[in-house]
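Trainee: What follows is the residue order along each chain.
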Amino acid sequence: MLGQQILSGLATGSLYALTAIAVVVVFRNTRTINLAQGDFAMVGAFLGIIFLKEWGMNYFAMLALVVLCCMALGGFVERVVMRPVAESDWLTLFTTTIGVYYILHGMAGWIWGRDTKAFPVSFEATPVEVFGALISKGHLYNMAIALLIGGVLWTFFTKTKQGIAMRAVTDDPETAYLMGIPVKFIVTLTWVMAGAIAGFIGVLMAPIIYVSPEMMDEILIKGYVAAVFGGLYSFRGAVIGALMIGVAENLAGGYLGSHYKTSVAFVMIVVLLAFRPQGLVGIQERREI
Amino acid sequence: MNKFLNFFTNTVSASLLITFSAPAFAEDGPGVTKDNVLICSYQPMTGKVSSYFRMGKGADAWFQHVNENGGINGRKIEFKMVDDKYEPARTKTAVKRFVERDDCFAIVAPLGSAPTSAVIDYIVSKNVPLIGAGTGAEKNLTIDSKWVFPLYPSYHTEGQQLVQFTKEVFKANKVAVLYQNDPSGKTHMAGIESVLEEQGIEIVAHEGYEPKEVDVSSQVIAMKASGADAVICSCAPEPAAKFYTERAKLGWDVPVVNVFFGKSPKVAELAGNDAVNGVYFSTIFRDFDSPAPQIQKAKQILTKYYPEEQPDAIHLWGFAGSQVFTEALRRMGDGPITRDLLVKTMEGIDDWKDSVVPNITIGEGTAKDHFIIKDMSFVRFNDGKFDDFTPPWMK
Chain D
1 MLGQQILSGL ATGSLYALTA IAVVVVFRNT RTINLAQGDF AMVGAFLGII
51 FLKEWGMNYF AMLALVVLCC MALGGFVERV VMRPVAESDW LTLFTTTIGV
101 YYILHGMAGW IWGRDTKAFP VSFEATPVEV FGALISKGHL YNMAIALLIG
151 GVLWTFFTKT KQGIAMRAVT DDPETAYLMG IPVKFIVTLT WVMAGAIAGF
201 IGVLMAPIIY VSPEMMDEIL IKGYVAAVFG GLYSFRGAVI GALMIGVAEN
251 LAGGYLGSHY KTSVAFVMIV VLLAFRPQGL VGIQERREI
Chain E
290 MNKFLNFFTN TVSASLLITF SAPAFAEDGP GVTKDNVLIC SYQPMTGKVS
340 SYFRMGKGAD AWFQHVNENG GINGRKIEFK MVDDKYEPAR TKTAVKRFVE
390 RDDCFAIVAP LGSAPTSAVI DYIVSKNVPL IGAGTGAEKN LTIDSKWVFP
440 LYPSYHTEGQ QLVQFTKEVF KANKVAVLYQ NDPSGKTHMA GIESVLEEQG
490 IEIVAHEGYE PKEVDVSSQV IAMKASGADA VICSCAPEPA AKFYTERAKL
540 GWDVPVVNVF FGKSPKVAEL AGNDAVNGVY FSTIFRDFDS PAPQIQKAKQ
590 ILTKYYPEEQ PDAIHLWGFA GSQVFTEALR RMGDGPITRD LLVKTMEGID
640 DWKDSVVPNI TIGEGTAKDH FIIKDMSFVR FNDGKFDDFT PPWMK
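Going line by line, the protein sequences match chains D and E. For the first sequence, the residue numbers in the working numbering are 1 to 289. For the second sequence, the residue numbers in the working numbering are 290 to 684.
If you're looking for bench data, these hints aren't it; they were derived computationally from the structure. Where hints are given, some of them may not hold.
[Unchecked claim] Chain D regions said to be covered by chain E (calculated; three or more residues, Cβ under 8 Å): (1) 3–17; (2) 110–118; (3) 202–215; (4) 255–261.
[Claimed, not checked] Pairs of lysine to any residue residues, derived as SDA-like cross-links and limited to a Cα-Cα distance of at most 20 Å, are as follows: (5) E:K501 - D:V264; (6) D:K117 - E:E558; (7) D:K137 - E:A537.
[As the list claims (entries may be wrong)] Here are a few chain D residues that sit away from chain E, every Cβ distance over 10 Å (derived from the structure): (8) I135; (9) S136; (10) A168; (11) E218; (12) F275.
The structure presented is a predicted model; accordingly, all values stated were derived computationally and were not measured. Note that CB positions come from ideal geometry on N, CA and C, so glycine has one too.
Start from the sequences and build out the full structure, keeping to the hints where you can.
Mentor: Quick look at the structure:
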């Protein structure tokens, strides 16, 4: 039972990990905690239903188009909503994303309805045995894609010129601007990247958690906690945090009782921040201005 | 002269205003005018359990139908629904407004155990009739008040019957239970635990889940590890679908009986037919496929006003409460419409067969005597259909 609880916890943690990565992408480049991140994915999931059911697209074409649409949505939100308040303090930025969250929630409910919908691609529930424990193929795909996206982003930010430029904007936007780095473009690119990740999240999660305007609410909270757990700047920390929360929840649910399951993530974050306020992988990777 | 004219004009205007806005009878109850009866309902129109808003849609479809056919004794039904998201704090605010601001005559066909538990004391303290609430939590069904007319048997009673079902149909000795961590699930658990000794059944795992929980994998793993030879699932449609998906993932071929509030085509739509095939559900209504004319009429009405809805049992909860309310209103005739009279008229309904419930007889007394539906039955899911199933003790 222990192995099974851990493996299932890793599967759930991989759902949180993708969201945590997206939260980190936006935060480290714009210092904005994007509460609307989950809703980008939710819009992607609804669009996925339309592309599959009404447009008759195949899975991969649908995935590509959803990712493109979510990139456009991310770019649009940055250009129209976030840029006018870009110079404001973190609280204003944070509050603005709450506004985006409610607007997207409301519009999704208005356009597609509030009822929970099934995603037309059924979740691949066929069990696969790993070290004596069972996991579904669908969850394995998700874990692989979470690791892949985390790896791609890590490589992008550490090995490519554009990625390093983005990090420069994070550290010191003014100096970066004086050095000729197109700061506004980089910020837009950040939101487009967050949209792209959301597109993957929406399509991958929809068969597991089903599609409704509120589908991402709980996952966003856990993803955010995981991102804070990892120090808010680190992809590695976010993924480790998400997987730890997933496993801890399952172990608490399985051994202490299901009532402890939902609170364990918050207990973990309180304890961690009490002893290590910079998060799991925090201080070495950031420089306060 | 001008002053006199002004005084005269104002007095006449005020008198006219009072005359035309006053109830038809001076003694009519709150929310009743000569043209309208205002009734109210709280519903999870949005949120994680919004699939239960079907109840509100069922009731609303019935009231729209009634209004389109002239209303009841010349009065139209004004049905006000407010979204409480199944969050008791929101329900409290909504109900306070219903009573103190809107003057609702009665609260009809609202949904939810936790929301209703949060407001029922307030509702009865204000002498407001609460008719056909979608709740099986013990408190809401046994409250010592004449104003409450519960819709269906208590979850306590249902829990007891489900234990009997696992014993007699599954021949089980060790049972695992998955339940919603709120008053509905806890009442089921209490009912289940009350007959374990009598039925010779042992509970080897009882796992709760929160309505907003992302997955129930840890619970299902623990249940499987317990060695249970049957499962009772006290689950709403979305969590039930997650349970059946997880059960399929683990290849756990254990017989399951699900409580009636999870009986919805939504379960198979979300989890897939294969994961749900063979699962038994308790139920309180005939299926929408039933040839009974009352059910076919309800289907026709629902499809007319909510064409996008796939009819299911939860719509019928709304029909049941709203139909018995309009029947009582009809029986009150052209006389005064008061809350006291409504209760007396409801209590006089005996062997009434014109609603989606096969037979309604309501007794005199308090909530425990006022049940609109008294009997439960069972169905078995098979490739998209719910087939009737009669357990041995009902034959």
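Trainee: State for each hint whether it applies.
Mentor: Each hint, compared with the structure:
{"no.": "1", "hint": "3–17", "verdict": "holds (count 7)"}
{"no.": "2", "hint": "110–118", "verdict": "holds (count 5)"}
{"no.": "3", "hint": "202–215", "verdict": "holds (count 6)"}
{"no.": "4", "hint": "255–261", "verdict": "holds (count 4)"}
{"no.": "5", "hint": "E:K501 - D:V264", "verdict": "holds, 15 Å"}
{"no.": "6", "hint": "D:K117 - E:E558", "verdict": "holds, 8 Å"}
{"no.": "7", "hint": "D:K137 - E:A537", "verdict": "holds, 12 Å"}
{"no.": "8", "hint": "I135", "verdict": "violated, 8 Å"}
{"no.": "9", "hint": "S136", "verdict": "violated, 4 Å"}
{"no.": "10", "hint": "A168", "verdict": "holds, 37 Å"}
{"no.": "11", "hint": "E218", "verdict": "violated, 5 Å"}
{"no.": "12", "hint": "F275", "verdict": "holds, 26 Å"}
In summary, the numbered hints that this structure violates are 8, 9 and 11.
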